[in-house]
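Q: Note that the protein sequences, when read in sequence, are chains W and X. Letter 563 of the first sequence, counting from 1, is numbered 547 in this note's numbering, and no numbers are missing. Letter 91 of the second sequence, counting from 1, is numbered 95 in this note's numbering, and no numbers are missing.
Derived by calculation from the structure, the hints in this document are not laboratory data. The C-beta atom is built at its ideal place from N, Cα and C for all residues, glycine as well. Mixed in with the good hints there might be a few duds.
[As the list claims (entries may be wrong)] Label pairs and their calculated CB-CB ranges: (1) W203(X) with I296(W): 35 to 43 Å; (2) Y51(X) with L321(W): 52 to 60 Å; (3) L190(X) with P295(W): 51 to 59 Å; (4) E14(X) with E559(W): 42 to 50 Å; (5) I311(W) with S21(X): 55 to 63 Å; (6) L119(X) with E559(W): 53 to 61 Å; (7) Q58(X) with E559(W): 56 to 64 Å; (8) S496(W) with L190(X): 49 to 57 Å; (9) G522(W) with E18(X): 33 to 41 Å; (10) T268(W) with G127(X): 50 to 58 Å; (11) R42(W) with Q55(X): 43 to 51 Å; (12) W203(X) with P295(W): 49 to 57 Å; (13) P15(X) with M116(W): 43 to 51 Å.
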Amino acid sequence: MATIAERLHEEWTTPHTLYGTLATVDHKTIGKRYLVTAFVFLLLGGLEAALMRAQLARPNQHLLTPEMYDQLFTMHGTTMIFWYAAPILSGFSNYLWPLMLGSRDMAFPRLNAVSYWIFLFSGIFLYTSLFMGQMPDRGWFAYAPLTELQYSPALNMDFYSLGLIFLSISTTVGAINFIATALTLRAPGMSINRLPVMIWSTLTISTAVLFAMPSLSVALAFLFFDRHLGMHFFQAAQGGSPLLWQHLFWIFGHPWVYIVVLPGMGMISMIIPTFCRRPLAGYTYVVLATVLTGILGFGVWVHHMFATGLPILALSFFSAVSLTIVIPSGVSVFAWLATLWGSRPLLRTPMLFALGFIALFVIGGISGVMTAAVPFDWQLNDTYFIVAHIHYVLIGINVFPVLGAFYYWLPKMTGRMLSERLGKWNFWVMFIGFNVAFFPMHIAGLLGMPRRVYTYPSGMGWDTTNLISSLGAYLFAVGVLLFIVNYFWSRRHGETAGDNPWDAASLEWSVSSPPPEYNFAVIPTVRSRDPLWEDRLGTPARSSIYSGPVLEAGRETTSTRPLDADDVRVLNMPEDSLWPLIVALALLVIFYGLLLGGWWVALAGAIVLFIAISGWLWPTDVTAEKEATS
Amino acid sequence: MSATARPMAEPMAEPTSVVQMPGWWGMICLIATEASLFAYLLFSYFYIGAQAAQWPPTTPPELRLALPNTIILLVSSATLIWAESGMKKGQRTRYVIGTAITIMLGIIFLCIQLLEYHGKNFGPSSHAYGSLFFTITGFHFAHVTVGLLMLAQVEVRAMLGHFSASKHLAVRNTSMYWHFVDIVWLCVFFALYITPRLWWHP
C-alpha cells in the first residue's frame, strides 16, 4: 500500500527550488512562516519594552529622549497587538486546521499564501519607519486630533495608518479562508457538535474580524484623508469630531481583544483534556460561551471611553455589558476546573502553561471587572493600573497559551520533542518574571503613576515598584530566551516524537510527525468528538481513520455540508502559484506610493494588481472545462 | 499505522449545492465585511450629523441626477438577473448580451456620478460634510469600478466558453457582488439624499 503514499507525494509535493519556496501554497509551510515571522515581531516588541523598562528602572533617567520614548511605546503596542498577537494565532490555525478537520489543505490555499505575504510585507513597511527615524509616536490607539497633520507633520502616523490598512487586508482574507474552511472542508461525519474547540474559537473570531476590521479601516482611511487630502473628519473647527476616531477605533478595538485571546482559550481547551486524560467538561457550554463572548465583544467599546464626557446613561449601559462578559468567561474557567477536578493531570510543560494561564486569566479578569465600574475607571484611567490589566490579559491569555501550544504542537511540526527539563525552567522563569514585572504596576497605578511618561521624579512612591517591574521584565525576557534555546536544542537532540506523543484525542495526532504534504493518505470518517480516544472512552460509534477514500486524481480533498458534514463531495485544490506573491508585491508598491505621495507609482501598482488578480482567477485547466461544457 | 484505501462504488462528484462550495462562502464573507465597511461609513455620517447645528450645512443634495442614476443602477441589476437566468438554462448568448448591457449601465452610472461631483458647490475639503459626502460616494464609486472589472472578466470568460449551465460559480459570485453594490447604493442614496429631506428646515 506504500504506493498510495508515493502517488499522493508526487501530486502534493512542492519542489525545493526558489520557485517552490515562493510559490508554495501548502498550509503547513505557510503556517510555519506565520509562526516564525510573528515570533520575530514578538522579539522586536520585546526589545522595545526592554528599552523602556531600562529607562523607567530608576527615577529621573535620561537614557531615552521623550521623542524616542514616544516612538518606543507606540511601536511596542502596535507591534505586539497587531503584528504578533493575531498573526501567531493564525500561524497555529493555518498549520493545524486542515489536520484537525481531516482535510488536505485550507479552502483557499492561494489566498492563504497571499495572506502571509501581505502580513510579512506590511510588517516590513511598518519597520521601514525605523530606518527613516520616523516611527509612529502617538500611541497604539493614536487618538485624534494629535495625529492630524498640524500636530504630527512627519511621516510617523502615515506609517501607522497605511501599515495597518495594509495588514487588515491580510487579516480579512485570512478570516474568510478560516470561515470557508470550517464550513466546507471538514472530514465526513465531523458535524458541528464534533468540532474541536480550537476550531470553534477561531471560527468565532474570524467572523468577528469580518464585522470589526472595517471599522478600523474606515478610521484609518479618514485619518489618511485628513492628513493628505485636506479633509476634516476629526477636526472640530470644520464640523468634524475627534471623538469619532475613538468610537471607530474601539468599535474595532474591543472585538480585537477577543480576536487575540479566544483562540488562546481554544488551545487551552485542547491541552487540558489531553493531560487530564478525559474529554473537556461542558463542551457545549464552552462553545456557547466562546460564541457569546465574540458577540458581546461588539457591545462594550465605550468602556475605553468612560472619561470622555459621554452621557452617564450610555456609560451605565456599556458598563453593564462589560460586566456581563464575566458570565461566559466564568463558564469557560469552571469548565477547565471541572475537567481538572478529580483527574490526575500529567504536569508536562504544555499543561503548566495552561494552568499558569488560568491563574493569569482570573487576575486579568478581576482587574477588568474593576475597571468596568465607571467611577473606579475614572480614578485609574491612563494609569499603570490599566497597563497592568492589559498585560495580564494579553500576555496571560495570548502569550502563555501560545508558549503552551508551542510545547504541545511543535513535536507535530518538527517530529522532535522539546526538552521537558528546560521547558519547566522556561515556564517557571516566565511565570515568576511576568508576575514580578506586572503585578507591581497595579500598585504604581493605584499610587497615581500615569502611563506613557518617559521618566518620573523620585519621591512619588513609584521608585520601588518600577525597579521591581524592570527586574521582573528582564526575568520574563530570560524565560522567552529559554524557549528559543529549547527549540534549537530540540531540533538536534530532541527525542523523536512519533505520531501521538501526548496520547491526544484529535485528528492531527493520527498522522506522522511532521505530517506528509498531503496530510491524510485516506480521507478519515469521524463518528465522535474524540476520534483517537474511542477505545479508551468506550464510544459506541467508531471513526474510520486509517481506511477511507484516497482521492488521487490531482490535488483533491472532500467537501461536506456545513452542519452535519454529510453528502461527501470532491474538490479540486489549486497548484502552487506565484500570483499571490505578485499580488502582495503590487500592494507593497501601492502603499509605498501612497506613503511618499507618489500617486503615479500607486496607480502603476494598482494596474499590476488588477493583472495579477485576473491571472490568478483565470482557470489553469481551461480545456477540461470546455469539454465539460460541450 | 498504514492507510488502506476503501474502494468507492462510483467516482465522487463535485458539489452541486453552493453551501458546499468554498468560493460561495468566500463571496458571502467578502460581502459581509464590505457591508460592514459601509455601515461604519454611514454611522460616521449620522454621528457627525447628529452633533451639527445644521445638517447638511448646505441645502440637501439635488435629486435631479441622483434619482435617475439610482434607477439606472437598479435596471442594471435587473438585466444581470436576466443574463444569469440565461446562463442557468445554458443560453450563453443571452448571458453575454445581458452582461454587456449591465456593464454599459454601470459605466453610465459612473459618468453621471462624475457629473454630479462636478456640479457640487463644495469639495471634500470644504467642511466635514463635504469630506463625508465625497468619501462615502467615492468608496461606492470604487466598489462599482471593481464590480465592473469583475463583470468584464467574467464576460470575456463567458465568451470563451468557460461556463456551463451546471458550472458557473464565478458568474454567480460576480452577480452577487454586483447586486450587493446596488443595495449599498440604495442605502447611501437613502442616507445622503432622502434623510436630509425628512428633517431639513431652511
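Q: Each hint should be assessed against the structure and marked as holding or not.
A: For each hint, the structure was consulted:
no., hint, result
1, W203(X) with I296(W): 35 to 43 Å, "27 Å, violated"
2, Y51(X) with L321(W): 52 to 60 Å, "43 Å, violated"
3, L190(X) with P295(W): 51 to 59 Å, "32 Å, violated"
4, E14(X) with E559(W): 42 to 50 Å, "26 Å, violated"
5, I311(W) with S21(X): 55 to 63 Å, "37 Å, violated"
6, L119(X) with E559(W): 53 to 61 Å, "47 Å, violated"
7, Q58(X) with E559(W): 56 to 64 Å, "60 Å, holds"
8, S496(W) with L190(X): 49 to 57 Å, "55 Å, holds"
9, G522(W) with E18(X): 33 to 41 Å, "38 Å, holds"
10, T268(W) with G127(X): 50 to 58 Å, "56 Å, holds"
11, R42(W) with Q55(X): 43 to 51 Å, "46 Å, holds"
12, W203(X) with P295(W): 49 to 57 Å, "21 Å, violated"
13, P15(X) with M116(W): 43 to 51 Å, "58 Å, violated"
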